[in-house]
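> Protein sequence lines, in the order shown, are assigned to chains B and P. Every number in my numbering is 1 more than the matching position in the first sequence, counting from 1. Every number in my numbering is 1 more than the matching position in the second sequence, counting from 1.
Everything labelled a hint here was simulated from the structure, so no lab data went into it. One should not assume that every hint holds.
[Unchecked claim] Quick list of in silico lysine to aspartate or glutamate cross-link-like pairs, EDC-like style, CA-CA up to 20 Å:
1) P:Lys227 / B:Asp177
2) P:Lys405 / P:Asp177
3) P:Lys334 / P:Glu286
4) B:Lys227 / B:Asp177
5) B:Lys334 / B:Glu298
6) B:Lys227 / P:Glu369
7) B:Lys227 / P:Glu286
8) B:Lys334 / B:Asp153
9) B:Lys11 / B:Glu443
10) P:Lys227 / B:Glu286
11) P:Lys11 / P:Asp452
12) P:Lys405 / P:Asp452
Residue-level listing of the chains:
2 protein chains.
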Amino acid sequence: MASSPLTVRKREGRLAPETVAALNADLSARFGNRFSASDAIRRQHAHTLTWLENQPPDAVVFAETREDVVDLVAICARRDAPIVPFGIGSSLEGHVNAPHGGVSLDLSRMNAILAVNAQDLDCVIEPGVTRTRLNAYLHDSGLFFPIDPGADASLGGMASTRASGTNAVRYGTMKDLVLSLGVVTADGTFVRTGTRARKSSAGYDLTHLFVGAEGTLGIIVEIALKLAGLPEAVSAATCSFPDVRSACNATIETIQTGLPIARIELLDTLSVRAFNAYSRLSLPEAPMLLVEFHGTEASVAEQAARFGAIVAENGGGNFIWATKPEERTKLWKARHDGFYAQMALRPGARPFATDTCVPISRLADCVEETLEDIARSGLLAPIVGHVGDGNFHVSPLVDMADAKEIEAAEAFASRLAHRAIAMGGTCTGEHGVGQKKIAYMEDEHGAGALDLMRRVKAAFDPRNLFNPGKIFTV
Amino acid sequence: MASSPLTVRKREGRLAPETVAALNADLSARFGNRFSASDAIRRQHAHTLTWLENQPPDAVVFAETREDVVDLVAICARRDAPIVPFGIGSSLEGHVNAPHGGVSLDLSRMNAILAVNAQDLDCVIEPGVTRTRLNAYLHDSGLFFPIDPGADASLGGMASTRASGTNAVRYGTMKDLVLSLGVVTADGTFVRTGTRARKSSAGYDLTHLFVGAEGTLGIIVEIALKLAGLPEAVSAATCSFPDVRSACNATIETIQTGLPIARIELLDTLSVRAFNAYSRLSLPEAPMLLVEFHGTEASVAEQAARFGAIVAENGGGNFIWATKPEERTKLWKARHDGFYAQMALRPGARPFATDTCVPISRLADCVEETLEDIARSGLLAPIVGHVGDGNFHVSPLVDMADAKEIEAAEAFASRLAHRAIAMGGTCTGEHGVGQKKIAYMEDEHGAGALDLMRRVKAAFDPRNLFNPGKIFTV
Numbered sequence: 002m003a004s005s006p007l008t009v010r011k012r013e014g015r016l017a018p019e020t021v022a023a024l025n026a027d028l029s030a031r032f033g034n035r036f037s038a039s040d041a042i043r044r045q046h047a048h049t050l051t052w053l054e055n056q057p058p059d060a061v062v063f064a065e066t067r068e069d070v071v072d073l074v075a076i077c078a079r080r081d082a083p084i085v086p087f088g089i090g091s092s093l094e095g096h097v098n099a100p101h102g103g104v105s106l107d108l109s110r111m112n113a114i115l116a117v118n119a120q121d122l123d124c125v126i127e128p129g130v131t132r133t134r135l136n137a138y139l140h141d142s143g144l145f146f147p148i149d150p151g152a153d154a155s156l157g158g159m160a161s162t163r164a165s166g167t168n169a170v171r172y173g174t175m176k177d178l179v180l181s182l183g184v185v186t187a188d189g190t191f192v193r194t195g196t197r198a199r200k201s202s203a204g205y206d207l208t209h210l211f212v213g214a215e216g217t218l219g220i221i222v223e224i225a226l227k228l229a230g231l232p233e234a235v236s237a238a239t240c241s242f243p244d245v246r247s248a249c250n251a252t253i254e255t256i257q258t259g260l261p262i263a264r265i266e267l268l269d270t271l272s273v274r275a276f277n278a279y280s281r282l283s284l285p286e287a288p289m290l291l292v293e294f295h296g297t298e299a300s301v302a303e304q305a306a307r308f309g310a311i312v313a314e315n316g317g318g319n320f321i322w323a324t325k326p327e328e329r330t331k332l333w334k335a336r337h338d339g340f341y342a343q344m345a346l347r348p349g350a351r352p353f354a355t356d357t358c359v360p361i362s363r364l365a366d367c368v369e370e371t372l373e374d375i376a377r378s379g380l381l382a383p384i385v386g387h388v389g390d391g392n393f394h395v396s397p398l399v400d401m402a403d404a405k406e407i408e409a410a411e412a413f414a415s416r417l418a419h420r421a422i423a424m425g426g427t428c429t430g431e432h433g434v435g436q437k438k439i440a441y442m443e444d445e446h447g448a449g450a451l452d453l454m455r456r457v458k459a460a461f462d463p464r465n466l467f468n469p470g471k472i473f474t475v
Numbered sequence: 002m003a004s005s006p007l008t009v010r011k012r013e014g015r016l017a018p019e020t021v022a023a024l025n026a027d028l029s030a031r032f033g034n035r036f037s038a039s040d041a042i043r044r045q046h047a048h049t050l051t052w053l054e055n056q057p058p059d060a061v062v063f064a065e066t067r068e069d070v071v072d073l074v075a076i077c078a079r080r081d082a083p084i085v086p087f088g089i090g091s092s093l094e095g096h097v098n099a100p101h102g103g104v105s106l107d108l109s110r111m112n113a114i115l116a117v118n119a120q121d122l123d124c125v126i127e128p129g130v131t132r133t134r135l136n137a138y139l140h141d142s143g144l145f146f147p148i149d150p151g152a153d154a155s156l157g158g159m160a161s162t163r164a165s166g167t168n169a170v171r172y173g174t175m176k177d178l179v180l181s182l183g184v185v186t187a188d189g190t191f192v193r194t195g196t197r198a199r200k201s202s203a204g205y206d207l208t209h210l211f212v213g214a215e216g217t218l219g220i221i222v223e224i225a226l227k228l229a230g231l232p233e234a235v236s237a238a239t240c241s242f243p244d245v246r247s248a249c250n251a252t253i254e255t256i257q258t259g260l261p262i263a264r265i266e267l268l269d270t271l272s273v274r275a276f277n278a279y280s281r282l283s284l285p286e287a288p289m290l291l292v293e294f295h296g297t298e299a300s301v302a303e304q305a306a307r308f309g310a311i312v313a314e315n316g317g318g319n320f321i322w323a324t325k326p327e328e329r330t331k332l333w334k335a336r337h338d339g340f341y342a343q344m345a346l347r348p349g350a351r352p353f354a355t356d357t358c359v360p361i362s363r364l365a366d367c368v369e370e371t372l373e374d375i376a377r378s379g380l381l382a383p384i385v386g387h388v389g390d391g392n393f394h395v396s397p398l399v400d401m402a403d404a405k406e407i408e409a410a411e412a413f414a415s416r417l418a419h420r421a422i423a424m425g426g427t428c429t430g431e432h433g434v435g436q437k438k439i440a441y442m443e444d445e446h447g448a449g450a451l452d453l454m455r456r457v458k459a460a461f462d463p464r465n466l467f468n469p470g471k472i473f474t475v
């Protein structure tokens with residue numbers, strides 16, 4: 002059964018019915034009513050958000066403790082069954098799908114906040130804690146956790162996809178803010194990947210190896226996170242531009258001059274229209290930047306003045322300032338609901354998720370070429386972007402009954418990914434590889450780097466128990 | 002010859018004389034006068050800086066191109082000979098020693114600056130470029146590379162030890178500023194570990210796996226680095242405290258309030274005395290913080306005022322401001338020469354290098370307990386620290402003819418490392434593991450994490466060609 006140590010065992014198809022029956026008997030005996038094999042629960046624990054197929058697991062287990070996870074790994078190892086970690090299911094790339102069957106490990110009940118070390122600006126949590134719950138908990142501490150993907154994702158999921166969001170331009174991504182992890186490995190060992198020291202040169206960086214590994218190397222059961230101090234002053238605004246290129250150029254200049262902007266988000270006209278409709282806003286229907294400044298009162302004022310000058314030089318203007326907290330909350334709530342706002346542009350259609358990120362010097366080129374491509378391909382495809390990082394999302398909205406439209410959207414997404422890679426960028430800035438981005442991995446990394454990744458997988462999980470079918474084909 | 006894939010081949014002793022002869026014949030034929038087996042050059046290419054033994058390689062090869070490195074790896078693989086990468090030899094932990102013989106790969110001639118992408122705030126360089134040379138090159142670009150270990154180290158070496166220095170509290174360490182690497186693997190393949198995009202979720206983080214790997218997983222031949230904009234305004238100062246605990250407490254408060262200080266360095270009284278003597282300064286002989294603020298004129302003034310208030314609250318004062326660039330340069334030159342200044346306290350003695358780093362809330366405790374330990378052990382042991390990160394160095398100066406003194410220093414260094422680990426910290430914040438910190442790896446990481454590190458080594462370099470005898474025993 003065990004593969005040769007430097008080969009990852011290739012899985013084909015799903016588990017045999019007799020294996021599923023034996024597995025489920027084991028799981029039921031160990032987990033009781035925290036085990037389910039019902040159709041509805043299995044389907045809820047697979048991909049539901051975009052055009053990707055729903056591929057349910059054979060069973061779902063709700064873990065409550067680290068011991069639950071260790072025991073689940075042992076049972077699945079014995080039955081040679083895949084384990085697919087599940088937080089809240091907000092992945093856009095099919096990470097929670099179970100193409101080879103097995104068990105969805107629902108970690109949402111492992112949601113304890115184990116420690117907040119305010120003096121050290123860090124905390125230790127379980128993986129099922131969501132970002133808004135953590136920030137609600139931190140409310141009176143003067144601290145916050147800045148990473149904010151659109152969904153109220155679990156932090157285990159965010160660590161596993163190396164997530165980011167609107168604050169990343171100032172505060173970094175999960176790769177910068179995960180201090181260390183507690184992980185259950187394929188042989189059932191609990192391992193801590195590092196200490197709470199702010200820096201260390203003590204051996205290989207296991208923390209960064211598990212961050213972004215999409216659950217394929219081990220199960221994250223504990224996370225130490227860096228926190229940031231709540232800024233004394235915050236100021237947010239929208240401003241409009243005659244075209245997307247001008248908005249991109251203003252962004253590029255902002256970053257290049259080292260302005261410590263906290264958030265700088267692009268919306269194309271179509272997205273503005275979607276936001277207005279979905280979130281009852283009345284933003285001017287033109288390409289727009291949505292920005293926020295953090296600092297002391299004096300520094301926020303200075304940043305805002307400098308940014309205003311850059312916007313004016315690039316032909317933009319029409320600033321609308323959100324100075325009151327509730328105005329800012331409304332604006333950012335609309336931004337975080339952007340995915341649903343875009344979907345509402347075409348009821349019944351399913352969105353494709355794209356996630357390209359390029360060096361900022363190529364941002365305007367990449368967005369402009371992409372707009373031309375959208376126009377040529379006849380797709381309805383709004384754009385939003387964390388443009389301070391060079392990252393933007395185009396979401397073609399597709400009638401799933403129309404094979405031609407699906408084909409056109411797939412071809413478009415492929416051209417977009419290869420365009421970003423050709424510009425020195427990546428096919429995925431923050432969503433992860435999951436299932437459909439596997440196709441671009443060799444173009445982005447080259448065969449040699451992919452071989453090193455497979456070696457890591459083979460060294461940690463040669464039997465391919467953990468989330469098979471994600472990141473690469475084996 | 003080849004070990005089983007998931008075992009790292011254990012090396013014992015040095016290469017046999019006939020292997021060395023055959024190896025050197027191969028190297029001489031391929032590299033001509035860029036090969037040397039002279040005693041003097043071999044000794045220069047092993048450890049020379051601290052109390053650790055000098056363990057020369059069998060030969061030295063000066064590489065000039067990536068092809069040189071690929072060919073050297075092939076020759077060494079054929080002869081089963083270790084390869085020890087060498088930058089300028091400023092490692093403090095025996096990284097450049099060759100306990101099992103083999104070839105020192107001198108990369109100092111691979112020192113081209115391949116690209117400066119000012120618009121993207123990044124550059125691409127070869128590993129032999131030193132930090133001061135890179136900054137001299139960047140001089141007119143408005144950009145700089147902030148990481149500054151004491152020595153004018155090569156950036157390949159700095160990447161390999163996950164180095165930091167005085168600016169890390171604001172700008173991060175090598176783990177934060179290496180964007181991607183070009184690496185030659187044990188089978189001679191050239192691999193790029195990532196793109197120039199600022200963020201990516203495209204698979205395993207190979208970049209961070211090679212950063213800090215101390216040359217044990219592959220040879221770094223190309224580095225893409227993030228750069229920072231030169232601050233508009235800079236202001237530096239020293240201030241004095243009645244005792245080290247007060248200085249630590251002021252540091253802790255500075256960090257906890259989120260003041261974006263660029264540098265905050267601790268010197269104990271003994272270090273101040275050493276700096277005064279070596280660098281002809283007249284700093285007040287008391288525990289001292291040496292700080293620097295970066296930003297706009299207004300923000301630097303604001304930061305300085307806030308810091309001043311924190312210092313006063315902690316019983317410190319006696320500020321001396323270095324406002325002119327030449328005054329600042331003198332102060333920081335003295336800081337970077339600290340290692341030599343400390344050595345000059347006791348001519349003829351050799352320094353031990355220690356490098357503990359703890360969560361900042363434990364900094365004052367750790368430093369104070371360590372001072373008591375120094376007093377009890379009767380060692381001459383000055384302290385300096387990058388205290389904003391919780392990182393400090395104690396350097397016992399030891400008469401190498403006195404076995405008892407060596408023993409006392411080793412026992413002290415061991416107590417210090419375990420003390421930091423017990424406080425949730427690390428035995429090495431920025432120097433790396435090298436040879437003598439191997440002893441603390443299991444206490445710091447646990448057996449499970451060490452096993453994962455060994456698996457990575459086994460997956461990438463099962464024959465143990467790359468820098469054997471560093472990071473862990475196999």
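> Please write out, lowest number first, the hints stated earlier that are contradicted by the structure.
2, 5, 6, 7, 10 and 12
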